[in-house]
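J.: Work the whole structure out from these sequences, hints included.
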Amino acid sequence: MSSIFPLNLSVTVFIQVSILLGFVFGFFLERAGFSSAIRLKGQFYFRDWSVLKVLFGAIVVAMLGLGWLSVAGVLDMRSVYIPEMFLWPQLAGGLLLGAGFILGGYCPGTSVVAAATGKLDGLFFLLGIFAGIFVFGAIEPAIHNFNESGARGALTLPQVFGTTTGVVAFAVTAVAVGAFVVAGRSEGARRLFEKTYGRTK
Amino acid sequence: MTNPVASPQVSSQRMIKKHHVAIMLLHWFNALVWLLELNTGAALIQSEHFRFAPQWFIVLMTGIFGTRANLLRFHIAVGLAWITVFLVYGIFGWRTYLHQEVLEGEVALDRDDWNWLHIRVLRILGRSDEPLPPQGIYNAGQKLFALAVYAMVPLIAASGLVMAFHWGSPAVAGWAVVIHFISVAVVVSGLKIHVYMGPVFPEEKPAFFSMITGVVPEEFAYRHHRKWWEEVKMLEKMHEAGELERQEPARSSGFVKALRMKQYWPPYGAALGLGLTLLAAFLLVGQGIGASGGFTCCLAFVISLAAPDYASSHPYRSRYVQPDAPVLMDLLVFELIGVALGGLVSGWLAGRLRWSTDKGPHLSERTRWALAFAGGALSGAGARLARGCTSGLALSGGAALSAGAFVFMLSVFAAGFAGAYLVRRLWL
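Chains A and B, in that order, are what the protein sequence lines are.
Numbering-wise, the first sequence is residues 1 to 201 according to this note's numbering.
Numbering-wise, the second sequence is residues 1 to 428 according to this note's numbering.
Source of the hints: derived by calculation from the structure; they are not laboratory data.
Just to be clear, a hint being listed does not mean it is correct.
Computed spacing ranges between beta-carbons, pair by pair [as the list claims (entries may be wrong)]: (1) A:ARG78 - B:LEU38: 41 to 47 Å; (2) A:THR196 - B:LEU235: 34 to 40 Å; (3) B:SER47 - A:TRP88: 55 to 61 Å; (4) B:LEU305 - A:GLU187: 35 to 41 Å; (5) B:LEU428 - A:PHE170: 37 to 43 Å.
Covered by chain B, according to a simulated footprint, are these stretches of chain A (three or more residues, beta-carbon under 8 Å) [stated by the list, open to error]: (6) 69 to 82; (7) 185 to 198.
No residue lacks a Cβ here, since even glycine has one placed at the ideal position from N, Cα and C.
T.: Below, the structure is given as structure tokens:
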């Protein structure tokens, strides 16, 4: 069975498509308010749940899209790139990125959008990324073994749990919807609190 | 107007609207395209008769794109995008904002304009000190440039298409090369003055900034574009006298309203948009959308230019150095450029573009910048360690149900929530 997607594009079209995809991506990031460190950090102080809503919402939309299109035979999932798993570096890298997020107010993608809309802190964050990547490259030989540890290849959740993609997709959707409900409750409770006792600082 | 003294109604504070946002966007898009196309085009010229760029420049440009073939592909890609955008603007924007401005304001030269040109030349030569005749929204020099551009652009586009797709016989292609070169040369000769007048020439500064803000000080309009100023004034007077019906607030479609709204979009709306974009990326290029990888490519490119031996001998860095393949011609780099442009346009439409710093109430700006830099460094290193960031790994990998992506997401949120408590003084 041959599927139409993913397309095999010529270099010329490829450049235009990737700029366009980036453009739309950046546009929606900015629309979501992710060019503002104030809004982003609000997630970690339970003031503003849009990070969680947007992240999980987008994952669920794209995941369900991928799933149904591959069931319909339009998309060949074997040709879709799935990030490889390196358990320990990814765990540590996530911790570093999370720490950088709460310290600096952004993550790499959102800092680009922030800098593009004139946020100077976003610009400094962006410069910091280059510094971080540069330093990481310099010291990688020293931590090379760690950086390659826990390699599991392009492991997916269905493989981990030994079940079908459909079941996992359903579970992820259910967890996301649960998270949305919690987010809504939390924001509702906060509004009520502020209405009763005034705004907290 | 016989009274040369600024009348009391003319204020240097009041601003008059000059350009539609669409025109400003088009202008800067056009500027970017010309910058890219002139640079890549100069490096592409093979004929001895036409080549003018120094050898080092050709080596540099070819180096950026790896091979000459890639350079050519890029030149064609940008050119095609340029033609497409102008066609879209021409077709959909004609009635709204191009029609009147183009025909009446930009191109048609009247008697005053010819006199203006005549006196301007004499004044430059020091042969006259006559005052310049009053001008419309664009002066005669600008109109001449516009005429030249409008005449040349179809030639440039057509000859470019002929060369890119090998339409017609070899003789046609040969002529296309010559026409492409000459028509570009005509525009460039005017472009030099245009660029000098904009950002460099002090008297025209307000005109330059009007391309960013859309407005000019009334005083500038009064001094340099008297006839246009009079028109604006007359319209204002008619408004005040109630002769013109008050323009009812422009009825805009829901789509336009959503584009121009000042508030952020509701999170689920943005999530739907991002999710569909991600899905489109999987369908079109077979992978999601990443941000940190683009940084790595840029950095690797700079390092391999600055210190090629170090880059190729270093055990980790050498992974990102490919001797023959183009380093900058990477999906991720182009995506990054797109992300920045998309953010810029979105912020612009919503009126959110301004220099500012997001910080907690008890923090100085400098401290905030230092912390942002430190945070950036942490997340840069973290993204390398994890092989992706929030976009490329968590979002894109998460949608593809990569196990690593979910591990990464959990630890990002764990560190974020734990760290939030520790650094609460910075934000609250």
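J.: For the range 34 to 40 Å, tell me whether the beta carbons of A:THR196 and B:LEU235 fit it or not.
T.: violated, 52 Å
J.: In terms of beta carbon proximity below 8 Å, does the segment 69 to 82 of chain A have 3 or more residues touching chain B?
T.: The restraint on the segment 69 to 82 of chain A holds, since 6 of its residues have a Cβ under 8 Å from chain B and three suffice.
J.: Could you see if the CB distance from B:LEU428 to A:PHE170 stays within 37 to 43 Å?
T.: holds, 39 Å
J.: I want to verify a distance hint. Is the separation of the beta carbons of A:ARG78 and B:LEU38 within 41 to 47 Å?
T.: holds, 43 Å
J.: Given a hinted range of 35 to 41 Å, is it respected by the beta-carbon distance of B:LEU305 and A:GLU187?
T.: Given a distance of about 49 Å, which is not inside 35 to 41 Å, the answer is violated.
J.: Does 55 to 61 Å hold as the CB distance between B:SER47 and A:TRP88, or does it fail?
T.: Holds - the Cβ-Cβ distance for B:SER47 and A:TRP88, about 57 Å, lies within 55 to 61 Å.
J.: Are there at least three residues in the segment 185 to 198 of chain A whose beta carbon sits under 8 Å from a beta carbon of chain B?
T.: violated (count 0)
This entry does not satisfy hints 2, 4, 7, going by the numbered hints stated previously.
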